[in-house]
Each structure stands twice: as structure tokens, then as C-alpha cells.
Amino acid sequence: MIRASTIKTLKIDDRDFSARHDETILDVARQNGIFIPKICDLKGLSPVGACRLCLVEVKGSNRLLPACSTLVEEGMEVTTTTERLQRYRRNILELLFTERNHVCSVCVSNGHCELQTLAQKLDITHVHFRYRYPNLDVDASHDRFSVDHNRCILCSRCVRVCDEIEGAHTWDFMGRGIESLVITDLAEPWGTSETCTGCGKCVHVCPTGALFEKGKSVAEMLKRREFLPYLTQMREEHS
Amino acid sequence: MPDEPTTRKTILIDPVTRIEGHAKITLHLDAHGRVADAQLHVTQFRGFEKFCEGRPFTEMPSLMARICGICPVSHLIASAKACDALMAVRIPRAAEKLRRIFGLAQVLQSHALSFFHLSSPDFILGFDSDPARRHIFGVAAESPEIARNGIRLRQFGQQIIERLGGKRIHPAWVVPGGVSEPLSVANRDAILVALPEMLTIAQLTLEWFKGVTENFREEITSFGNFPTLFLGIVKDDGGLTFYDGKIRIVDAGGYVVATGLDPATYNDFLGEKVEPFTYLKSTYYKPKGYPEGIYRVGPLARLNIADRFGTRRADQEMAEFHEIQRTAVLSSFHYHHARLIEILYCVERMQQLLDDPEILSKHVRAIARPNSEEGVGVAEAPRGTLIHHYKIDDHGSMRWANMIIATGHNGLAMNRSILQVARHFVHAERLEEGMLNRVEAVIRAYDPCLSCSTHADGRLALAIQLVAPDGAVIDELRRK
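Protein sequences, first through last, are from chains A and B. If you use this note's numbering, the first sequence corresponds to residues 1 to 239, in order. If you use this note's numbering, the second sequence corresponds to residues 1001 to 1480, in order.
Hints were generated in silico from the structure; no laboratory data involved. Mixed in with the good hints there might be a few duds.
[What the hints assert, rightly or not] Computed footprint of chain B on chain A, listed as stretches where at least three residues anywhere in the stretch have a Cβ under 8 Å from a Cβ of chain B:
{"hint": "1", "stretch": "8-20"}
{"hint": "2", "stretch": "215-225"}
[Claimed, not checked] Derived pair list, reagent style DSSO-like, types lysine-lysine, alpha-carbon separation capped at 30 Å:
{"hint": "3", "chain 1": "B", "residue 1": "K1286", "chain 2": "B", "residue 2": "K1362"}
{"hint": "4", "chain 1": "A", "residue 1": "K121", "chain 2": "A", "residue 2": "K216"}
{"hint": "5", "chain 1": "B", "residue 1": "K1273", "chain 2": "B", "residue 2": "K1246"}
{"hint": "6", "chain 1": "B", "residue 1": "K1024", "chain 2": "A", "residue 2": "K216"}
{"hint": "7", "chain 1": "B", "residue 1": "K1273", "chain 2": "B", "residue 2": "K1286"}
{"hint": "8", "chain 1": "A", "residue 1": "K223", "chain 2": "A", "residue 2": "K43"}
{"hint": "9", "chain 1": "B", "residue 1": "K1167", "chain 2": "B", "residue 2": "K1286"}
{"hint": "10", "chain 1": "B", "residue 1": "K1050", "chain 2": "A", "residue 2": "K216"}
{"hint": "11", "chain 1": "A", "residue 1": "K214", "chain 2": "B", "residue 2": "K1286"}
{"hint": "12", "chain 1": "A", "residue 1": "K214", "chain 2": "B", "residue 2": "K1050"}
{"hint": "13", "chain 1": "B", "residue 1": "K1246", "chain 2": "B", "residue 2": "K1288"}
{"hint": "14", "chain 1": "B", "residue 1": "K1024", "chain 2": "B", "residue 2": "K1288"}
{"hint": "15", "chain 1": "A", "residue 1": "K59", "chain 2": "A", "residue 2": "K121"}
{"hint": "16", "chain 1": "A", "residue 1": "K223", "chain 2": "B", "residue 2": "K1167"}
{"hint": "17", "chain 1": "B", "residue 1": "K1050", "chain 2": "B", "residue 2": "K1286"}
{"hint": "18", "chain 1": "B", "residue 1": "K1281", "chain 2": "A", "residue 2": "K214"}
{"hint": "19", "chain 1": "A", "residue 1": "K216", "chain 2": "B", "residue 2": "K1362"}
{"hint": "20", "chain 1": "B", "residue 1": "K1362", "chain 2": "B", "residue 2": "K1235"}
{"hint": "21", "chain 1": "B", "residue 1": "K1391", "chain 2": "A", "residue 2": "K216"}
{"hint": "22", "chain 1": "B", "residue 1": "K1050", "chain 2": "B", "residue 2": "K1273"}
{"hint": "23", "chain 1": "B", "residue 1": "K1281", "chain 2": "B", "residue 2": "K1050"}
{"hint": "24", "chain 1": "A", "residue 1": "K214", "chain 2": "B", "residue 2": "K1167"}
{"hint": "25", "chain 1": "B", "residue 1": "K1362", "chain 2": "A", "residue 2": "K223"}
{"hint": "26", "chain 1": "A", "residue 1": "K121", "chain 2": "B", "residue 2": "K1362"}
{"hint": "27", "chain 1": "B", "residue 1": "K1050", "chain 2": "B", "residue 2": "K1009"}
{"hint": "28", "chain 1": "B", "residue 1": "K1246", "chain 2": "B", "residue 2": "K1286"}
[Said to hold, decoys possible] Pulled from the structure, derived: some chain B residues nowhere near chain A, Cβ distances all over 12 Å:
{"hint": "29", "residue": "A1031"}
{"hint": "30", "residue": "M1064"}
{"hint": "31", "residue": "R1369"}
For every residue, glycine included, the Cβ atom is placed at its ideal position computed from N, Cα and C.
Just chain A, with the same shape it has in the complex (with noise of 0.2 Å):
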């Protein structure tokens, strides 16, 4: 089934495009080879616009906004990157080190890690901010899987596979700001959850080494991406 669609011209970085009306900045520059850094954002789940990494300005908008959650309009001109906004990126990305403990050369995905390759996209090689070193545990009460709080950017995607995707709703949030956790059912241990089906989804959509399979060794943890689009578009059509 085709929906109906308006098509909207754009400029992005003074290129022209064109785009459908439900499309979002990210989409279009996604289809078109412009690189915008973000890390919450994952094709085949909603857009949260948490991590703030693919801010963007708009003219005509006096403050920044997310490529990944603000739709496509006529005449709408983007600039993807400038100075401030590379700044910007930076500081969050280095805020997103200081607040757990990111140790790659011992983590599980050293070398596959989505916040690890945006640092050195972005050219990070210090810190400017002090780390807090805070003292996280590791639940590894499930039978195949562990997450990792120190290695966590509260990026949502294993909230939103497992409630969208998979519909067990197995993982939220606790906690407020800085003190925010991922949890399985109540801040119950992984391994005694009972809407947990077991499927792996958060592990896969993880873009750090926070959810990994037990028994990999250090950057042994390869995950695998590509089923999500073909998954939500299946259910799509069999709805």
C-alpha cells in the first residue's frame, strides 16, 4: 500500500533536495551521504531526540534543533555542520565519557562501539570535563546476556526495541537526570524477570558494550543491526 505523500524541497548545506512531508532531516541527509553524528537514533525505532548529538541549525529558527525528530518543510535551509556545532557535539559527547566509566581497551566492544567511533570521528582525544567514576554494577543474572551500567549513555534504544519491536516492555528508566538507570520489569534482577522473552533485540541495538552476550571476550561483541527495518516493515505489511 502507497500512502499518500506531499513531496517538500529543502536545502541542506545548500544543496537541494527533495523529500516526503513524514521524512526527517536525518532521513534525507541519511539517503543522501551527509553525515549528521547521532547515537540514539536507530532506523527501524522511533525518534527520541535524547542524545542531542545531530542538532542542527534551521534558518529561521533561533535555536538548535534535532535532525532526527524534526520533519522536512518547504523551504526549510539546514547547515549540518559549523564550528558551534561541532563544539557542541564534542562537549556532549566527552559529557557522555565523564559520566560512566568507558574503559575500551577492556570492553567487550572495543572496535564495534558506536560512541567509541563518533569520538574519533569527531576528533576527541581528551577529556575536558572531570570524570565522575561513579560506582555501577554489572547485572549478570541472566542466563545469556549482561548489561553494564558504567558502559551505558541512556540512549533509549533498548526501552524502544523492546516495547515497539518486541512488545515486552521489559526495559524503562529509574531514576531522575544524572542518577537515570535502564531496568528490566521493577529494578529487577535481568535473570528474574518474567516479561523478558529472552529475544537478544537490546543487546544488538546497543550502541555500546552496556548489553552484551555472556562469554565474549574483549571486542569479540559484534552486533548485528540490519534485521530491525526488515522487522518493523514485515509487521507493517502483515498488519
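With the hints as your guide, set chain B onto chain A.
Below, chain B alone, put in the same frame as chain A:
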């Protein structure tokens, strides 16, 4: 005690140079200016045993390997073996052989570093030579052939580590249950083709060193030349091994005190003593008590405890080595000699292992969950017996860890050696740089891995001060 305390003086050597890690030495002098006591202070605090708590055990090999940038492979192996024990698996034979080669490459490169880069300046340029030239570049200027050979040997060892593990420092290839990737034909052949050259270098160096040993009579008699026990692991037939075996202890007479001891029960016979002046825990043999249970580990100990190497050339060298002394070989100066024989053995043994077709097997990893709540892994690191001991909970998270690192075993012996050397060479009324270099050199003979993470490069400032109890500096020597 009317006058005695006020006349005591102290000489401080800080930092000790051309070693791996950070340390300082204090020499306490009595009222007559004679050395009364000596202490080696390891000044770094690492905390690995504590901060690993709560982490998944599968992370341990790579986490614990960060203890050391010189011998990460030894830690990888001991840690992975402890993890094998936690999983209660027997790893595939090819994986075990690959780990052995990995370990031998580590011993070879580390020994080359110790002998050529750190210690050879003393042998080639002399203990009393100008400290500004007394380093590997000075060796390169004086004896380019020896410097080149040393660098080539170390490079070869590091290249094997890279070929097997993917990178030279902190490879993640050794995993609980085996190794993560099998060996390719191309990599095997590349190692094999270089072995003859390494064999030649190892033999040439040994011949040269045996020829110049005579020049160091005084050092041999005073560099940690005293009776102690010697400890290490040996195979069931008494042969030397770096990878797997039972603990054997021999006494100064060369007689076996204990053998066939299960390394997992190390706690029954080894004690750890904490001294207030150092972060290094000193171990001792419990049945003899502290400090009489002093023992040494490492190349000298291995040659004293093992019946044979099991390779032709190294066995010939071992026989010749034992002609130095009919009892156990006691002077720590002979660590250097033992180290060179072990380099020869590493090359010969790698040839044996690589000639075995099974080395190319694709079956290199056993998969299992944790099946035991406690595991001990032991291996011979370049510097001696290395023990990793872990306890985990039902979910595989670390509850507790204890490690005894080779340098810890040698803690007591190093202190006593410093005292012996200082008493022999240091005369407080006329401090000379060469005297203090000998105090450092005895430490170098043990090749301690103090931080286990960094090494001084011989260009660090060395400051020696004679300090009165009121803090006044009486005399001072400073190396720029």
C-alpha cells in the same frame, strides 16, 4: 641510645634506572659510614586485585594484562588459565600449543629487552663508565653488532606476538577456553623462516657473554651471592616449562625440598608479607617462615630447579651452566647467563611446536559457562612464576582476586642483594657514581617488573643524597 641515632645517615637512589617500573633504594649507614641496611621501595600502587571485583570473569585476561606493557602475554596466559579453571574445561590441544608459542615469544622479547637494552651497557661500557653514554645507544656506538642483534631478537619476539595476537602490546587473542583465532599457514611459515637467524644470534650472544663473564669476578661474588631456595614450575618429568607444570622448590645445595606441588594450593606453602616501606608484597616459603623462607624465581631459579630443557642446544648450555657451581648456582649475576640460555631454548622450542601439523588446527576454543567458583592459573613469566587466583559468583562476576607476580617472589632476595652489593661497593666517605650503579645493577639482574607497566629509559635523573637525621644534605650526587 645516646649518640648512635644521631650519626646514622641515609643514601637514597631515586629513581632506579634501566628497570621496568618505578622504584627507589635507601641505604642506611651506621655511625662508621658502613652500610647497615638496604631497602628497595616499589613506589607505585596499582589496585588491580580490588577494582576487578564485580567485573565479568571473561574480561579478566585483557584487564589483568594491563598490569604490564612488557609482559602482557604472561598475564594473559596466567589469567586465561585461571578462567579455564573457572569454566572447568580442557582447552583444545592446538590452543594450548599456540599459547605456548605466544608465551615463548614473550619470554624471548622480554629477555632480549632486559639483557641488551637494559643491562648490556654495564657489560660492554663498564659499570664505572660515563653514565651519559651508558645506555643502549652507547652500546650501539661501541658494539653495533651486539646492539643490532638485541634489537633484532626483540623485534622478532614482538612480531610473533603480533602475528598470533593481532598486535604487539595487549593483544586480546588469548581468551578463556583457548585462543580466538587459529594460526594461518602464512603466519606459521613467516615465523619458521626467521628462526635460523634467531638461533644464530642467540648462540653468538651466549658465546660472547661467557667470554666476558671473567671480567666481572667481583660482581659475581657480591651480586646477590647467598644461599636461598629456588622456586618454579616443572613438567612431570622434571623438564623446564613456561606454560604448565607443578611447583618444585630446591635449596641452595641443589637438593629438591618439595616437588609436585599443585600450584592451585600455593596458599598452603607460600606466605605474603606486607612491609611498610614498599607497595611490593614479599612472598616466602611458609614451612621455613619469614624471612628464612626467602626464595628466588626467574631464569636463574628455573635453571636450578629443572632437570633439563628438552632441546639439544639449550641442554648442552645447561650442563655447562651447572659447572659454574656444583650446588645450585647462587649468584644473581648469573641471571643474565640463564636468561641467554632461555632465549636459545625459546627459539629451539618454537621450532618444535611449529613443526607439528596440529598447530594449524581450526579447533582452538572451548566454549563453556562458569562451572567452578574458584580458579588458579599459573605460568612462568620471563621473570618467574606468575599466579592468578580468582573467585566468582554464580553469574560469573568476579568476587575476589589475588595475584603473585614474579617480582613479588623475588622481593626478599632483591632487598638482601642490595644490602650485599652496597656493603661491598659503597663507601660513604667517597661516594662515586659507579658504586651506586652497581646497587642498581643488582636489581637489573633480577629484571624486576615493578610497575609492570612502564620502564625507565636510562635517561631519568638519579639523585643520591647523604642526609643527616635533621634533614641536612651532607653529600649529593646527581645524574642528569
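For K216(A) and K1362(B), compute the direct alpha-carbon distance and say whether it is at most 30 Å.
holds (19 Å)
Given pair status - K1286(B), K1167(B), alpha carbons within 30 Å
Given pair K1167(B), K1286(B) is violated - Cα atoms ~40 Å apart, limit 30 Å.
Given the hinted pair K1246(B) and K1288(B), is their alpha-carbon gap at most 30 Å?
Satisfied, since the Cα-Cα distance of roughly 20 Å is no more than 30 Å.
Given the hint that K121(A) pairs with K216(A), does the C-alpha gap stay at or below 30 Å?
Cα-Cα ~26 Å, so holds.
Assess, step by step, whether the Cα of K1286(B) is no farther than 30 Å from the Cα of K1362(B), and give holds or violated.
violated (44 Å)
Against the 30 Å threshold, does the CA-CA distance of K1050(B) and K1273(B) hold or violate the hint?
Holds, because 18 Å separates the two Cα atoms, which is no more than 30 Å.
Pairwise hint evaluation, K1362(B) against K121(A), where the allowed Cα distance is 30 Å at most:
Violated, at roughly 36 Å.
Just to be careful, I want the Cα atoms of K1273(B) and K1246(B) compared with a cutoff of 30 Å; is the pair within it?
holds (23 Å)
Decide if the proposed pair is consistent with the structure: K1362(B) and K223(A), CA atoms, cutoff 30 Å inclusive.
holds (24 Å)
Straight-line Cα separation of K1024(B) and K216(A) no greater than 30 Å?
violated (41 Å)
Need the status of pair K1391(B), K216(A): alpha-carbon distance at most 30 Å?
holds (19 Å)
Hey, K223(A) versus K1167(B), does the alpha-carbon distance stay inside 30 Å?
Roughly 23 Å between the alpha carbons, so the hint for K223(A) and K1167(B) holds.
In summary, the structure is inconsistent with hints 1, 3, 6, 9, 11, 18, 26, 27, 30 and 31 from the numbered list given earlier, while agreeing with the others.
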